[in-house]
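Undergrad: Below are the chains, spelled out letter by letter.
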Amino acid sequence: MEEQDPKVRATNFGEVACGYALEDALREADRCLMCPDEPCIRGCPVEIDIPAFISKITEKSLRGAYDTITDTNLLPAICGRVCPQESQCEGACTVGDTLEPVAIGRLERFVGDTAIAEGWASVPYVEPSGLRAAVVGSGPAGVACAADLAKAGCDVTVYEAFHEPGGVLKYGIPDFRLPNDVIDAEIEKLRALGVKFECNTLVGRLFTVEELLTELDYQAVFIGTGAGAPSFMGIPGESLAGVMSANELLTRCNLMHARVFPHYDTPLQAGKQVAVIGAGNTAMDAMRVCLRLGAASVSCVYRRTRNEAPARAEELHHAEDEGIDFHWLTSPIEILGDAENNVRGIRCQRMELGEPDESGRRRPVPVPDSEFEIDVDMVVYAIGTSANPILGQTSSLELDKRGYIVADESLATSIAGVWAGGDIVTGAATVIEAMGAGRKAAGEIKAYLGLRDTDVVYVTEPAAGPGKRFGIDLREHNYARVTA
Amino acid sequence: MAAPFEIIRREDFSDVTYLLEISHPRMARAAKPGQFVIVMAQDRGERIPLTLADFDPERGTVTLVVQAVGKTTKEMQASCSLGTKLHALVGPMGKPSGIGDARKVVCVGGGLGVAPVYPQARAYKQSGAYVIGVIGFRSKELMFWEDKFRAVCDEFIVCTDDGSEGIKGLVTAGIEQALEHHPDIDEVVAIGPPIMMKFCAETTRPHGIRTVVSLNPVMVDGTGMCGGCRVKIGDRVRFACVDGPDFDAHEVDFDDLMARLRRFKASEAAALERWTESCRLPAGA
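Quick note, the sequences are listed as chains A and B, same order. Position one of the first sequence corresponds to residue 0 (numbering that gives the first Met the number 0), numbered consecutively onward. Position one of the second sequence corresponds to residue 0 (numbering that gives the first Met the number 0), numbered consecutively onward.
Derived by calculation from the structure, the hints in this document are not laboratory data. Any given hint could be a false lead.
[What the hints assert, rightly or not] Okay, the calculated beta carbon distance ranges per label pair:
{"no.": "1", "chain 1": "A", "residue 1": "ALA428", "chain 2": "B", "residue 2": "ALA258", "range": "50 to 58 Å"}
{"no.": "2", "chain 1": "B", "residue 1": "LYS264", "chain 2": "A", "residue 2": "ALA428", "range": "51 to 59 Å"}
{"no.": "3", "chain 1": "A", "residue 1": "ALA428", "chain 2": "B", "residue 2": "LEU81", "range": "46 to 54 Å"}
{"no.": "4", "chain 1": "B", "residue 1": "HIS181", "chain 2": "A", "residue 2": "LYS195", "range": "48 to 56 Å"}
{"no.": "5", "chain 1": "A", "residue 1": "SER358", "chain 2": "B", "residue 2": "SER277", "range": "33 to 41 Å"}
{"no.": "6", "chain 1": "A", "residue 1": "ASP368", "chain 2": "B", "residue 2": "SER277", "range": "52 to 60 Å"}
{"no.": "7", "chain 1": "A", "residue 1": "GLU214", "chain 2": "B", "residue 2": "GLU10", "range": "45 to 53 Å"}
{"no.": "8", "chain 1": "B", "residue 1": "SER138", "chain 2": "A", "residue 2": "HIS262", "range": "49 to 57 Å"}
{"no.": "9", "chain 1": "A", "residue 1": "GLY426", "chain 2": "B", "residue 2": "ARG279", "range": "46 to 54 Å"}
[As the list claims (entries may be wrong)] Quick list of in silico lysine-lysine cross-link-like pairs, DSS-like style, CA-CA up to 30 Å:
{"no.": "10", "chain 1": "B", "residue 1": "LYS124", "chain 2": "B", "residue 2": "LYS84"}
{"no.": "11", "chain 1": "B", "residue 1": "LYS94", "chain 2": "A", "residue 2": "LYS195"}
{"no.": "12", "chain 1": "B", "residue 1": "LYS231", "chain 2": "A", "residue 2": "LYS400"}
{"no.": "13", "chain 1": "B", "residue 1": "LYS31", "chain 2": "B", "residue 2": "LYS197"}
{"no.": "14", "chain 1": "B", "residue 1": "LYS197", "chain 2": "B", "residue 2": "LYS139"}
{"no.": "15", "chain 1": "B", "residue 1": "LYS139", "chain 2": "B", "residue 2": "LYS94"}
{"no.": "16", "chain 1": "A", "residue 1": "LYS195", "chain 2": "B", "residue 2": "LYS31"}
{"no.": "17", "chain 1": "A", "residue 1": "LYS400", "chain 2": "B", "residue 2": "LYS139"}
{"no.": "18", "chain 1": "B", "residue 1": "LYS84", "chain 2": "B", "residue 2": "LYS264"}
{"no.": "19", "chain 1": "A", "residue 1": "LYS271", "chain 2": "B", "residue 2": "LYS84"}
{"no.": "20", "chain 1": "B", "residue 1": "LYS264", "chain 2": "A", "residue 2": "LYS271"}
{"no.": "21", "chain 1": "B", "residue 1": "LYS103", "chain 2": "B", "residue 2": "LYS139"}
{"no.": "22", "chain 1": "B", "residue 1": "LYS84", "chain 2": "A", "residue 2": "LYS195"}
{"no.": "23", "chain 1": "B", "residue 1": "LYS147", "chain 2": "B", "residue 2": "LYS73"}
{"no.": "24", "chain 1": "B", "residue 1": "LYS197", "chain 2": "B", "residue 2": "LYS231"}
{"no.": "25", "chain 1": "A", "residue 1": "LYS400", "chain 2": "B", "residue 2": "LYS31"}
{"no.": "26", "chain 1": "B", "residue 1": "LYS167", "chain 2": "B", "residue 2": "LYS197"}
{"no.": "27", "chain 1": "B", "residue 1": "LYS84", "chain 2": "B", "residue 2": "LYS103"}
{"no.": "28", "chain 1": "B", "residue 1": "LYS197", "chain 2": "B", "residue 2": "LYS264"}
{"no.": "29", "chain 1": "B", "residue 1": "LYS73", "chain 2": "B", "residue 2": "LYS103"}
{"no.": "30", "chain 1": "B", "residue 1": "LYS231", "chain 2": "B", "residue 2": "LYS264"}
{"no.": "31", "chain 1": "B", "residue 1": "LYS94", "chain 2": "B", "residue 2": "LYS147"}
{"no.": "32", "chain 1": "B", "residue 1": "LYS124", "chain 2": "B", "residue 2": "LYS103"}
{"no.": "33", "chain 1": "B", "residue 1": "LYS73", "chain 2": "B", "residue 2": "LYS197"}
Backbone N, C-alpha and C define an ideal beta-carbon position, used for all residues, glycine too.
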């Protein structure tokens, strides 16, 4: 796919990958072998019917492709851009065994972008069920859950603490990977489905999770508040001016438009020589943002090697092309300041890989007498996050010892009627995993509320198998709610 | 019923300090002393924290008292009037103040700090404690809420830097006066500029009296996800927006707080200059 030249794109916030034109999409779609065993579908966390949408593309039925994707995933323009396809659908692709895998992500993005440009929305007629559901958090988990519940006829309200919806999609992922107007367009489609978004609402403090089920009269609640509490290392110098978490950098830049200060009021004071600690997707985003804000040099400081770096392959490759320096096997020990309390450098030491730790990756071990300094005027921490504490402080939800919400395999929490998914349950993970959790929770909520999909075909008893009658699981005792 | 975030009353205490009463019935019911809100006056604005000065569930409103010091607060002073709608208002944020079982409390407000400490003084009074109020201003002209504050106190001490009213001195002089007359003070709550809170902490430290302050670092989200408001409390780092804003004054590293409050000085100066310039330009320029 055509990409902006690395030297040019490192100065602008336009998207790096330019997107397919129709001929590119047709050519790529033709490469799909339509394998009967469908490994790509198994590789997808939400099981999009990939061969089906690709075959619609080959038939030039882009609307058909869009309807196929949105049967399962309502946000193709987002997922096509941010999923780590190399470890999901494309990683499983048969063509990828010998050649480049079919570019499933790029095809999904192409279909999603076409839908936005054409103004298509999947808005089937949905019979209202009269049941109300609340979703806490308008990030990927919350919007995916809201979409499915809206399609099932629920009256859904999504609560968001920020002044704009989107969660980490908005504040965390920069415009050159996921433009904010793509997010707004996808959210508009959810509004068309009847989903209400109430921003400027801090659930837990304005009202509690428990009050959602009592005073506010919702029948079910899904919590997708994310794991946004940044981690620091606790080394000296972390409170110097010029040291910040990647979350702060990205929120100022992406959500608050600090890159065009003073036309927008939020300042940023980007550094000229930047060091980012960490090598995950957030670190890649932070580094590439700093480059675009005018840094003369940007370095990555990571305690393991490139092989262990958790970032998505394409982002790492783009970062390298854009001229970012990588200090692998390096760990910071002190941030150095000048007389005015500004960062002037970072003292690091070399590491080497020892035995594997609990995550299976080899543990980094300091190399003695290997200290050295890098001159920097800004240090950004992207070493991970932990659970946001607000709901834990304000509700009776059971938390694990690290502060994440405890949820069972059906994503139910310790409060009846409340489900939770995404980073607030699992710790920091990916957008698509959060969406998968949101969808799974929606399925569980529908079963709890007794909502059936309107196009269920009731199979006769023998074919349905034991434990079911007329297609209804015998464990469900609420036949009365099934409408004719 | 007023539209969301609509200003339904404005009062100017001086040419730098003004009060905004904003319609938000749900927040008025949920708010507790010590909590704050994040405000964006307009869509290009920055998010700033402001402590709740009052909240009235019957009127369905929350009240903020603002000092015009930088671009945002000066712009709000110029543009916020009756009927103006704020672009964003979210809260109540932060842990509510622990209005515990202190029987005798000194509530200290320094300058603008008088506003955020008022709800705490009132709550202590309502809980049956003996409340000694100490308020301090640079001069009599800058005073506000003297009567409102006095009404929730059993004893009331006014301090002015220039002696135009009450004791000539800083609020620390007022605290010392209270300490002289009352050997049984359980707690001191002090809110005001960081340097004032630092000196209040040093005044009470030799007496070993529990002292609580409300910290005011720069914030962006206010929900604990950016770490910009991190403060040093003892040997730990805390986020003022979710772990505070109240902290034990004797553990707070005020010098670190004050240094971090200066980190955007260059941008703040540039923004203020640009704003002042634009105010001087004739309309339509």
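Undergrad: Now tell me, hint by hint, if it's right for this structure.
TA: Against the structure, the hints:
| no. | hint | result |
| --- | --- | --- |
| 1 | A:ALA428 / B:ALA258: 50 to 58 Å | violated (36 Å) |
| 2 | B:LYS264 / A:ALA428: 51 to 59 Å | violated (38 Å) |
| 3 | A:ALA428 / B:LEU81: 46 to 54 Å | holds (48 Å) |
| 4 | B:HIS181 / A:LYS195: 48 to 56 Å | holds (54 Å) |
| 5 | A:SER358 / B:SER277: 33 to 41 Å | violated (54 Å) |
| 6 | A:ASP368 / B:SER277: 52 to 60 Å | holds (57 Å) |
| 7 | A:GLU214 / B:GLU10: 45 to 53 Å | violated (33 Å) |
| 8 | B:SER138 / A:HIS262: 49 to 57 Å | violated (38 Å) |
| 9 | A:GLY426 / B:ARG279: 46 to 54 Å | holds (53 Å) |
| 10 | B:LYS124 / B:LYS84 | violated (34 Å) |
| 11 | B:LYS94 / A:LYS195 | holds (28 Å) |
| 12 | B:LYS231 / A:LYS400 | holds (24 Å) |
| 13 | B:LYS31 / B:LYS197 | holds (25 Å) |
| 14 | B:LYS197 / B:LYS139 | holds (23 Å) |
| 15 | B:LYS139 / B:LYS94 | violated (33 Å) |
| 16 | A:LYS195 / B:LYS31 | holds (28 Å) |
| 17 | A:LYS400 / B:LYS139 | violated (53 Å) |
| 18 | B:LYS84 / B:LYS264 | holds (29 Å) |
| 19 | A:LYS271 / B:LYS84 | violated (39 Å) |
| 20 | B:LYS264 / A:LYS271 | holds (18 Å) |
| 21 | B:LYS103 / B:LYS139 | holds (28 Å) |
| 22 | B:LYS84 / A:LYS195 | holds (21 Å) |
| 23 | B:LYS147 / B:LYS73 | holds (26 Å) |
| 24 | B:LYS197 / B:LYS231 | holds (13 Å) |
| 25 | A:LYS400 / B:LYS31 | holds (28 Å) |
| 26 | B:LYS167 / B:LYS197 | holds (20 Å) |
| 27 | B:LYS84 / B:LYS103 | violated (41 Å) |
| 28 | B:LYS197 / B:LYS264 | holds (21 Å) |
| 29 | B:LYS73 / B:LYS103 | violated (38 Å) |
| 30 | B:LYS231 / B:LYS264 | holds (21 Å) |
| 31 | B:LYS94 / B:LYS147 | holds (25 Å) |
| 32 | B:LYS124 / B:LYS103 | holds (10 Å) |
| 33 | B:LYS73 / B:LYS197 | holds (27 Å) |
Consistency note: the structure conflicts with the earlier hints numbered 1, 2, 5, 7, 8, 10, 15, 17, 19, 27, 29.
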